[in-house]
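Engineer: If you want the building blocks of each chain, they are given just below.
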Amino acid sequence: MPFDTFSERLKLVADESLALCKQEWGRNGLGIEIPIAPKIGWQPTFYMKPNRVLMVAVEVGDRLFPDSLRGAAHDIEHYDFPISVYQACAFDIYQHDPHHDRVDALRDHGFGIITVDGSGRAVIQTRAEPLAQHLSQKRLDDVLKPLTPTPTLKVRFRAAYATYCANVGQGLQAAAQIVESMVVCIAGQAERAGVVPPGTSGKDAALIIDDLYPTGLCHNYRAALGGARNFIRQYRNIASHPARTPRAEADRIRNCKTGFLEAARIACELRDLIRGVGYRVLVV
Amino acid sequence: MSDVLKEIAPSKIERNPDNPRIFFRDEEMDTLTASIRRYGIQVPITVYSEGSHFILIDGERRWRCARKLNLKSMPALVRDKPSRLKNILLMFNIHALREQWDYLTIAHKLPDVIELFQKDNSGREPTEAELSELTGLTRGQIRRCGFLLDLPTKYREILEEELALPKQFQKLSEDFFIEMERALKTVQHRVPTAIKNLNSARDALIAKFRNDTIGNITDFRMLSKIATSVKRLGVRETKAREALKSIFDPHSKIGIEQVFAEQFEMKFDERKVIHSADSIYDFLEHSLSDNSTTKASDQLRKSLSRLHRLIERFLKS
Numbered sequence: 001m002p003f004d005t006f007s008e009r010l011k012l013v014a015d016e017s018l019a020l021c022k023q024e025w026g027r028n029g030l031g032i033e034i035p036i037a038p039k040i041g042w043q044p045t046f047y048m049k050p051n052r053v054l055m056v057a058v059e060v061g062d063r064l065f066p067d068s069l070r071g072a073a074h075d076i077e078h079y080d081f082p083i084s085v086y087q088a089c090a091f092d093i094y095q096h097d098p099h100h101d102r103v104d105a106l107r108d109h110g111f112g113i114i115t116v117d118g119s120g121r122a123v124i125q126t127r128a129e130p131l132a133q134h135l136s137q138k139r140l141d142d143v144l145k146p147l148t149p150t151p152t153l154k155v156r157f158r159a160a161y162a163t164y165c166a167n168v169g170q171g172l173q174a175a176a177q178i179v180e181s182m183v184v185c186i187a188g189q190a191e192r193a194g195v196v197p198p199g200t201s202g203k204d205a206a207l208i209i210d211d212l213y214p215t216g217l218c219h220n221y222r223a224a225l226g227g228a229r230n231f232i233r234q235y236r237n238i239a240s241h242p243a244r245t246p247r248a249e250a251d252r253i254r255n256c257k258t259g260f261l262e263a264a265r266i267a268c269e270l271r272d273l274i275r276g277v278g279y280r281v282l283v284v
Numbered sequence: 001m002s003d004v005l006k007e008i009a010p011s012k013i014e015r016n017p018d019n020p021r022i023f024f025r026d027e028e029m030d031t032l033t034a035s036i037r038r039y040g041i042q043v044p045i046t047v048y049s050e051g052s053h054f055i056l057i058d059g060e061r062r063w064r065c066a067r068k069l070n071l072k073s074m075p076a077l078v079r080d081k082p083s084r085l086k087n088i089l090l091m092f093n094i095h096a097l098r099e100q101w102d103y104l105t106i107a108h109k110l111p112d113v114i115e116l117f118q119k120d121n122s123g124r125e126p127t128e129a130e131l132s133e134l135t136g137l138t139r140g141q142i143r144r145c146g147f148l149l150d151l152p153t154k155y156r157e158i159l160e161e162e163l164a165l166p167k168q169f170q171k172l173s174e175d176f177f178i179e180m181e182r183a184l185k186t187v188q189h190r191v192p193t194a195i196k197n198l199n200s201a202r203d204a205l206i207a208k209f210r211n212d213t214i215g216n217i218t219d220f221r222m223l224s225k226i227a228t229s230v231k232r233l234g235v236r237e238t239k240a241r242e243a244l245k246s247i248f249d250p251h252s253k254i255g256i257e258q259v260f261a262e263q264f265e266m267k268f269d270e271r272k273v274i275h276s277a278d279s280i281y282d283f284l285e286h287s288l289s290d291n292s293t294t295k296a297s298d299q300l301r302k303s304l305s306r307l308h309r310l311i312e313r314f315l316k317s
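Chains W and F, in that order, are what the protein sequence lines are. According to this note's numbering, the first sequence holds residues 1 to 284 in order. According to this note's numbering, the second sequence holds residues 1 to 317 in order.
It should be emphasised that the hints constitute simulated quantities derived from the structure, not laboratory data. Ideal Cβ positions, reconstructed from N, Cα and C, are used throughout, including at glycine. Certain hints may be false.
According to the in silico footprint, chain F covers these stretches of chain W (three or more CB under 8 Å from chain F) [stated by the list, open to error]:
hint: 1; stretch: 1–10
hint: 2; stretch: 35–43
hint: 3; stretch: 57–63
hint: 4; stretch: 92–98
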């Protein structure tokens with residue numbers, strides 16, 4: 001019998017959250033109280049595969065953010081199948097979590113939350129993206145901190161982050177566009193100063209960088225330009241190529257996450273370059 | 001009995017249907033999971049073999065953690081299959097002596113032990129001492145289990161639901177029911193007319209405890225004192241009955257402590273003072289008649305003088 005090791009109360013939580021998940025994601029690939037894979041050190045209460053590149057796994061329990069989830073987060077994040085993980089608990093437990101500390105910890109670490117009230121009504125309180133995709137608000141703040149004197153860039157990156165949370169590929173594209181527009185911004189001002197020939201700023205970002213190299217304008221910032229060139233080459237097209245296998249999708253998600261963080265780092269370097277050569281940061 | 005130590009996959013192990021433990025609290029399990037994840041399973045579980053599977057005798061919490069952590073195998077001592085009575089008693093002796101079980105857990109299984117004992121002993125019921133020896137529980141523990149065992153199903157279910165909650169959400173405890181039942185038994189014995197319907201009285205006391213009209217489970221001892229005051233203090237039965245009825249009235253907002261403090265506490269205190277006064281009297285009389293050469297200490301004289309002055313004031317008032 002499924003869930004027979006649970007108390008009556010937790011059995012209700014398990015039954016109702018399972019019903020909600022079936023309604024939300026279907027019952028394809030449903031597994032109840034069986035491990036996902038030997039290399040993941042955690043057995044969810046149940047899991048399902050809504051499509052060929054996503055798995056949704058649910059942990060039912062009264063203890064919010066249990067040690068088993070905490071310990072398995074790394075395994076799940078690096079598994080060759082993108083997995084969104086939810087914790088299902090009684091609504092009372094969710095509501096009475098002191099200062100919402102554990103609820104916040106679950107969210108910060110990328111886990112979703114499902115609650116079931118006494119009458120059996122299940123609700124998704126927080127949605128979860130695949131754990132490999134998760135980038136916490138705190139991590140984003142840390143990455144964007146060096147951009148502090150340039151609020152426009154921070155605002156642009158926050159908008160890109162919102163896109164990233166909903167669609168990892170488009171989020172990376174939005175971040176890449178910020179980097180590209182910074183390169184165009186350098187080229188536009190260099191054109192007006194006669195450093196590069198007119199029309200340079202209309203080229204692709206990679207070609208602009210190639211044109212900027214020999215001018216000597218960015219002599220002290222060659223690493224920043226090189227980094228931007230490499231970034232454009234490496235991440236530009238990731239979002240455009242849909243993955244065919246779960247493993248490819250997991251890799252794509254991880255690449256997008258790395259790319260997003262890389263974009264923020266490169267934006268900082270380019271911002272320093274722009275200021276260093278006496279130009280202004282004009283990002284559209 | 002030949003024990004063999006093996007590494008067994010958790011998926012090949014099944015729960016023991018006779019395991020008296022019914023509550024596995026998530027916060028306790030979480031601590032154990034963290035320990036096992038860091039240090040592994042240090043103490044093997046105990047199982048017996050049944051067909052292609054193994055049945056747990058000891059170590060259900062470790063087994064649950066091993067499954068949660070998706071461990072490939074866990075150390076287990078494999079024993080011969082015991083008889084059902086031995087199976088239950090093994091679990092009692094392994095668990096109950098090692099850590100405090102919930103009384104309800106034990107109470108659920110005691111009837112099975114009694115029944116199986118009767119089968120082995122031509123229908124004779126075990127004495128409390130025999131039960132204590134068999135299960136490794138003290139007689140006091142067995143008596144406390146008895147209170148829970150005698151609870152009507154409805155109240156046992158209320159308690160079960162409560163015990164399944166995480167500790168911070170539990171309001172009613174086993175101790176609450178044990179103290180309540182003990183007090184109700186005393187009331188039924190001493191002032192039987194105070195309780196028309198025992199379940200209604202239980203419901204009222206539970207409701208009053210839930211809404212804090214009854215502040216503490218130790219208040220039930222005052223309930224017993226009210227009931228015994230008729231015989232011990234000569235309180236009129238009608239007075240005790242009315243007081244008890246007001247406590248059992250679900251519509252009143254009267255708690256046990258309030259009734260006791262207003263109507264009975266003074267009487268009990270008086271009795272205590274009378275005992276103390278008698279004791280002082282006996283001591284002084286004995287000291288005077290003894291012709292003892294030993295002089296009373298200055299401290300005693302000082303205390304008695306102070307008491308003497310106060311007694312005079314009290315008697316004149």
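Engineer: Compare the structure with each hint and give your call.
Structural biologist: How the hints compare with the structure:
{"no.": "1", "hint": "1–10", "result": "holds (count 5)"}
{"no.": "2", "hint": "35–43", "result": "holds (count 6)"}
{"no.": "3", "hint": "57–63", "result": "holds (count 3)"}
{"no.": "4", "hint": "92–98", "result": "holds (count 3)"}
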